[in-house]
Amino acid sequence: MGNLTDSFPAAAGSNILEVVSGTCDGRSIEVSSGTYTLGNVTTYQNLSTGYVDVTGSSIAYTPPSNANHVLYRFDFLWDATGSSGISHFKLMIDNVEVIPAYKCISSNYSGNHGHHHGHHPESIFYNFDLTASSDDAVNGKFASWTSAKTIKVQAREYTSTYQAAVHHNVYYATMGTSQYTQPTLTVKAYS
Amino acid sequence: MANFTDTFSTASSNNILEMFSAPADGRTVTTLSGTYTMGTVTALQGASTSFVDTSGSSITYTPPAGTKWLHYRYDFQYRAYENSGILGLRLLIDGTAVTRASTGMATNYSNQGYEEGNFPGFIDFVFDLTKSTSNLGLGQVSGWTSGKTIKVQHREYSSSYDVNLHNNKYEDGTSSSGNEIHVKPILTLIAYS
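Sequence lines, in order, name chains A and B.
In this note's numbering, each number is its position in the first sequence, counted from 1, plus 113.
In this note's numbering, each number is its position in the second sequence, counted from 1, plus 169.
No wet-lab data here; the hints were simulated from the structure.
Nothing here was measured: the structure is a model prediction, and the numbers come from that model.
Using N, Cα and C, we set each Cβ at its ideal position, and we do this for glycine too.
The reader is advised that the hints may include incorrect statements.
Simulated restraints, written as ranges between beta carbons of each label pair [unchecked claim]:
{"hint": "1", "chain 1": "A", "residue 1": "C217", "chain 2": "B", "residue 2": "T209", "range": "36 to 42 Å"}
{"hint": "2", "chain 1": "B", "residue 1": "S182", "chain 2": "A", "residue 2": "Y164", "range": "18 to 24 Å"}
{"hint": "3", "chain 1": "A", "residue 1": "Y215", "chain 2": "B", "residue 2": "S311", "range": "48 to 54 Å"}
{"hint": "4", "chain 1": "B", "residue 1": "T314", "chain 2": "A", "residue 2": "G139", "range": "44 to 50 Å"}
{"hint": "5", "chain 1": "A", "residue 1": "C217", "chain 2": "B", "residue 2": "G282", "range": "40 to 46 Å"}
{"hint": "6", "chain 1": "B", "residue 1": "T199", "chain 2": "A", "residue 2": "G126", "range": "18 to 24 Å"}
{"hint": "7", "chain 1": "B", "residue 1": "T231", "chain 2": "A", "residue 2": "D249", "range": "30 to 36 Å"}
Straight-line distance between alpha carbons at most 25 Å, and here's what the computed DMTMM-like set of lysine to aspartate or glutamate pairs gives [to be verified]:
{"hint": "8", "chain 1": "A", "residue 1": "K216", "chain 2": "B", "residue 2": "D293"}
{"hint": "9", "chain 1": "A", "residue 1": "K216", "chain 2": "B", "residue 2": "D222"}
{"hint": "10", "chain 1": "B", "residue 1": "K237", "chain 2": "A", "residue 2": "D207"}
{"hint": "11", "chain 1": "A", "residue 1": "K216", "chain 2": "B", "residue 2": "E285"}
{"hint": "12", "chain 1": "B", "residue 1": "K338", "chain 2": "B", "residue 2": "D222"}
Calculated Cβ distances over 10 Å to all of chain A for the following chain B residues [unchecked claim]:
{"hint": "13", "residue": "S190"}
{"hint": "14", "residue": "G195"}
{"hint": "15", "residue": "Y205"}
{"hint": "16", "residue": "G257"}
{"hint": "17", "residue": "L258"}
{"hint": "18", "residue": "T272"}
{"hint": "19", "residue": "N277"}
{"hint": "20", "residue": "Y278"}
{"hint": "21", "residue": "G286"}
{"hint": "22", "residue": "D293"}
{"hint": "23", "residue": "H351"}
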């Protein structure tokens, strides 16, 4: 007689527990851990010299109970609107900066401040570790994550002469594209 | 007597119905929903001032039954070939541009032969299949039960702002790119329930 599992083999599994992924147009996405409504980005956003929330980047997320890792990823269009557009992007979780996720984004220096043509897609992302023995939000490590934590991106420009914008599709008028590009937010929970 | 599934429980699942990701090397990928042949990119691609199909980006796809969200992503290598290399990109589904997916790329301006901007780019969008009526311009598709063609088109701002796609200018930082002068783009599709 053969083994029972010869007739009833274990189903293929995966270490991906759930994925929330959407274009930021206000849609609601239902997954096993709950229903999440993404931000609705309807225009571009000019940065200033003080940190502000990047539109579309925020989500209050509770992972499934057996999640060991959570990947947060925010894809957006970056644009230099003054000189090289030096700008600073930090990832926040419950208003604490996750230091290793910080990024500076800029283009080549434009000697003529009017020639700030640099724009390209960018991503801010981080893999949160839920297997830690104690919470260490600054490094994205948690011992317990059982209720909603708000993850978001904040950004600022270097000075008022090194300006930048997000979601800004600057050459839309002459190339038949759109003045703004809606970003994409993705959260993946892994066992 | 206990239930059979008490002893042999079903495997955990997630909301990914299928996913494939492949370079544009002509390979064939078989998934639950069908068999798909990727484009073949064997050279860099320039741009003109009119939109043209972007090589390796096109796929005629039918999502599996139960799909609510379909993520399309196209990764490629960008190179500014003249001045700031201003590139415009748009995403089309069955010939209709998805307005909010339109995007662009450029480096800052260079007019002295220092057009060295060369880095990866992408265009992506998550189609919404939950609506009762279709609005392709917003990426909303109702009743997607047969093949629809998704592709990217690109153009350059003017003939003075030339762009190349799939193109490496340098290899290992010392010389022109030799055999690695072109990079195959990668197409990824993920269907979610």
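For each hint, the structure was consulted:
no., hint, in the structure
1, A/C217 <-> B/T209: 36 to 42 Å, "holds, 38 Å"
2, B/S182 <-> A/Y164: 18 to 24 Å, "violated, 40 Å"
3, A/Y215 <-> B/S311: 48 to 54 Å, "violated, 42 Å"
4, B/T314 <-> A/G139: 44 to 50 Å, "violated, 26 Å"
5, A/C217 <-> B/G282: 40 to 46 Å, "violated, 27 Å"
6, B/T199 <-> A/G126: 18 to 24 Å, "holds, 21 Å"
7, B/T231 <-> A/D249: 30 to 36 Å, "violated, 46 Å"
8, A/K216 <-> B/D293, "holds, 21 Å"
9, A/K216 <-> B/D222, "violated, 33 Å"
10, B/K237 <-> A/D207, "violated, 30 Å"
11, A/K216 <-> B/E285, "holds, 22 Å"
12, B/K338 <-> B/D222, "holds, 22 Å"
13, S190, "holds, 14 Å"
14, G195, "holds, 26 Å"
15, Y205, "holds, 20 Å"
16, G257, "violated, 4 Å"
17, L258, "violated, 7 Å"
18, T272, "violated, 5 Å"
19, N277, "violated, 4 Å"
20, Y278, "violated, 3 Å"
21, G286, "violated, 7 Å"
22, D293, "violated, 6 Å"
23, H351, "holds, 20 Å"
Figure legend: structure checked against the earlier numbered hints; hints not met, in rising order: 2, 3, 4, 5, 7, 9, 10, 16, 17, 18, 19, 20, 21 and 22.
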